[in-house]
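Student: Given next are the chains, with one letter for each unit.
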Amino acid sequence: MNRLSEFMLPPAKSTLAAETDALFHFINVTSIILLAGITFAIIYFSWKYRRRSEDDVTPVITHNNKLEITWSVIPLILVMIVFGWGFTGYLNLTTAPDDSYEIRVVGKSWLWEFHYETGHVSVNELHVPVNRPVKLIMSSDDVLHSFYIPDFRVKMDVLPNRYTSVWFEAIETGESIIYCAEYCGNAHSNMLATTYVHSVEDFETWLETAGSADDDMDPVELGEQLVTRNACDTCHSTDGTRLQGPSFQGLWGSEREMQDGEIVTVDENYVRESILEPNARITAGYDPVMPSYSGTLSDRQIDAIIEYLKTLQ
Amino acid sequence: MATNEENSNTKKLQVRRFKPEENPEKHYLNEEKGIWAWMTTVDHKKIGLLYLGSITFFFFVGGVLALLLRTELLTPAQSFIDADTYNQVFTLHGAIMIFFFLIPSVPAVLGNFVLPLQLGAKDVAFPRLNLASYYIYVIGAAFTLFAIFTGGVDTGWTFYTPYSATTSGNVMAMTFGVFILGFSSILTGLNFIVTIHKMRAPGITWNKLPLNLWGLYATSLIQILATPVLAITLLLLTMERLLQIGIFDPALGGDPVLYQHFFWFYSHPAVYIMIVPGFGIISEVISTFSRKVIFGYWAIALSSLAIAFIGFLVWGHHMFTAGQSSLANMVFSFLTFLVGIPTGIKIFNWLATMYRGSIDMKTPMLYAQVFLFLFTIGGFTGIMLGALSVDIHLHDTYYVVAHFHYVMMGGMVMAFLAGLHYWWPKMFGKMYSEFWAKISCAILFVGFNMTFLPQFVMGAQGMPRRYFNYIDQFQSFHQFSTIGAYVMGVAFVIMAIYLVHSLLKGKRASSNPWGSRALEWQISSPPSLHNFHHVPVIVNGPYDYHKPMSEFQLGIAASHNGHHAEEAVSVSQSEKEQA
Amino acid sequence: MSQPSATEERLEHLKHYFIDSDQQFEASKMGMWVFLVTEILFFGGLFLAYIVYRAWYPELYLLASEELHTFWGAVNTVVLIGSSLTVAMAIRSAQLNQIKGLIINLWITIGLACVFMVIKYFEYAEKFGKGILPGGYYTYEGIEHEQANIFFSIYYMMTGLHGIHVLVGIGLMLWLVYKAKKKVFHSGYYTPVEITGLYWHLVDIIWIFLFPLLYLID
Amino acid sequence: MSGHHISSAKFLWGVALALFVLTFITVAVTWIQIPEPWNIVVAIAIAVVKALIVVAFFMNLWWDSKFNVLLFIMSIAFFLLLIGITLLDTLYRVDPVPSF
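Those protein sequences? They're chains E, U, V and W, same order as listed.
Just so you know, this note's numbering puts the end of the first sequence at 391, numbered straight through with nothing missing.
Just so you know, this note's numbering puts the end of the second sequence at 1147, numbered straight through with nothing missing.
Just so you know, this note's numbering puts the end of the third sequence at 1230, numbered straight through with nothing missing.
Just so you know, this note's numbering puts the end of the fourth sequence at 415, numbered straight through with nothing missing.
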């Protein structure tokens, strides 16, 4: 059973995962037993009652109400059990404890932003404490996304006009993958993030130092890190490959034609504008899909990215 | 009850036996010649064949697109097409398979061909409307092809807002094409409802209606009740793009979840538009090849109607994670489980029909067995997805992809193939190679399971759907799945070869190669242009295999046009013998 | 005019796959009813949008409906009901073999339908002038509500789609007049008149609901 | 199953007159401010009565076959289902509010 469970489902790393898994296995086992019965009947009847001659006479059995009731009522009872079980599980999944630790999540095409109460914003990295309920309040900046952590068995769509939420309580430290599960365009399948589950002390330390960690870094090195950390590289390659956006390689100082025909030299002002107001001017041949990083990146960070771009010739 | 009714308003008719003519020289395929006669035909059989040609074309296109997708997924990163192309390809695969293949397949092809024959009618009630519905289908298809070649569409077949309202590409042409297509579906449904009500041969009371027609009747009801809502949905979506009306676009104050309600109010019942006529075919095939009275006629007939009705109440199970209220989630989950009951009833009744039958494992029957197995898996995994807490985990993953392929392809396509092989001799008057048909069926079965079983596991492991790239962990599953898809491709190639061979050089089929009691088998193969030279009179049920064949070939010489359907008829014993 | 034999003329319309005129008539009428079912659900989608937004923003509907003129809405209601009456009279004329009456009634119906469309035109023109344009082109600032554009999107979709149905109806009536003048219809065969009548009454019914829902909010 | 019901001219005029009167009433009740939600209920009730009159006596459903009546009822029933079930969602949404 455990082997099968490992094969079928990802590791159960939240308090509620086990309950969902139990129902999953219950339905699986019941279904397999019934399927085996039906399959056996098909094969056995096909062999036992195979046609022996063209003159075979078959009995006239038109109906049997007792049988009909039996095979209506038994499945009905089974599915009602499944319904009740699934619904109680769902209520648990949607009712976060009052003392949950709250984190704001913003889905953008194509990255996840996590806002903490301290004002710190991390991109594509969700840091949470272990053994403490965490409640995510989520919204989207553009189209529909869906926030999905298989290890925790939670999923919820992220909408542009409303807040939605999920909650979970991680039971062990480690990393778990976060997917976007609602189709959202070109880089939908690259809209991945990671959950880092820390011990309570580690989490506190991380939260305190997170914002200031890169204060004394070399700007180019910091820029390189920021490009990865903020998921710029989901759409902008650094080796010349064409993705959803123009590659960073050879970008700095070059002249680019915009959609309206204007020729723009890629300088500080243009890069800054492209990060804060990405849809103001769009390079010809690309779609206006980049989200704004206004409020996510500080001036110092933008400068660092510019320094980094200068090195990619 | 049935006997009382018969006694009260029975009409006496003088009948004689009409044996079908074997190897007719003149039949509907050769009576009118020339491409123009075909393009303007109002004959339901030819319109059925026109549809058959069109859906075969679209099945081929959709299938090739599917192979492209599977090939791209051999490696976790880009293999040979880019993300944008991939997104367009899966959108088109879904849209083409659903709107251009699955929805018209059984009703418009097999239904058109068989429905009047099973009713003993000379045509459907509105033949010109029938032809119009075909051309509406063609125009809708033209718009869709236009969309493909002018920018493509990358929204997924569901056209969810706000993505569909903002993405580039020619979404409007596509939605407009599907909008037009809806009318084709509506007209087919309209035609069938009126035909079944008004044009039954004498003696075909509601309890003697073949189960295939009960299936088509239930389907037609769904078509006329659900399709208009799709039409208005797509119209609103088109307006959203054209005028930014804002009803569905949150940027203008609208609500994207409302769009999903609109969309699934049609698209969930649409699943039953696809599968319910398949149930009808399976009932015919299992009874014929078991040579036995169908078990639980009314249970099967009424469960079709029950599924059609409950199918309207469950659309929200596509939206458990979409952000609808918990109350709605609870109600939808509850109602979803209720659909399982009539579906289960059908499966058990079919099994009971096989019990103590005289089972002849011909190709249609083999497909029916494959259907039973695969569709049962599709049904059980549906139960899994209906359970709220489990669905939270499985929603929008490959588990869902595998589930609906088991229902749609394992269920509906297998039923369609069962029907196609079953009625093929009637359609073309030729037999196909039984050997190659069985080989192809077996390969298809293996390939199908190879393709989609791994997807259940991937999905449960957390692999989301519509992913161009994926994490390395899933690669072996994806590769296995891709190989399976190619195996299926081989099966379809074999099928194409033996079917074409059958058309060109196949053995002449007798009028009733399977020994069926149903009415469409009591006329020559292929049928004549106006189906019946006489007015058939029905005294027995279509599955009364305990009665002699001669009692199923009764009729009165055609002194006038069509016939009334209302009364039951009785034929005295002496008249029968005389026949 | 030469007199064709009565039975021959009476059966010209009968299709070979029907037993008699009655069966054909019943089938056509049932077909039309099935079509009306689809029409009801087609408009049903718009009514759904209307109801959902009204439940969310009741105050918006109060504010926005002040821009609509109850008087002209009421006049249009009366006009359409009048046209329903004349269509019913047209069918009666056909049933009684009064071809002249049929044609006159059809013309009156067409006239009333045109009156309806003209009033609708002036209503639209007045709103366009104010900047109450559909969807993204909405520029009017007289209604202080964020979703004001949505009310008018629904308004334009509902009345616009209804207007298209009226235009289709006018086209069908003109075709009936043409056929009637060619002496196609008589008491034994007036199916097209009957089913066009059914269609027209449905158009009327939809307006009967649109009027209170859009104009009479206060 | 009388598909050929012929109404007298007087009857048709009577039906139209009833409809005109109801139209007047529905406008008139807006002059006497009925409080929410009863004003909507009254307006819809009058519209339903008017629609039923048209369906029954102009469209001759009163004398028509049972199945056509059933079709009409079915369309209304499914329309109500569409609305009723959708409202189960749109009226009962409880959205979380971020605390920062």
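In case anyone wonders, no lab produced these hints; they're calculated from the structure.
Keep in mind that this is a model prediction, so the values were computed, not measured.
Think of the CB as a built atom: it goes at the ideal place given N, C-alpha and C, for glycine as much as any other residue.
Some clues are possibly wrong.
As the list claims (entries may be wrong) - Simulated crosslink set (BS3-like; lysine-lysine; CA at most 27 Å straight-line):
1) Lys601(U) to Lys1027(V)
2) Lys144(E) to Lys776(U)
3) Lys1027(V) to Lys325(W)
4) Lys1041(V) to Lys381(W)
5) Lys1075(U) to Lys587(U)
6) Lys601(U) to Lys1115(U)
7) Lys776(U) to Lys381(W)
8) Lys325(W) to Lys1112(V)
9) Lys594(U) to Lys1112(V)
10) Lys126(E) to Lys930(U)
11) Lys998(U) to Lys1075(U)
12) Lys1075(U) to Lys930(U)
13) Lys587(U) to Lys998(U)
14) Lys325(W) to Lys1041(V)
15) Lys594(U) to Lys126(E)
16) Lys930(U) to Lys1006(U)
Stated by the list, open to error - Chain W is nowhere near these chain V residues, computed Cβ spacing over 12 Å in every case:
17) His1028
18) Phe1037
19) Thr1050
20) Glu1079
21) Gly1085
22) Lys1112
Student: Hint by hint, which ones does the structure fall short of?
Tutor: 3, 6, 9, 15, 18, 19 and 21
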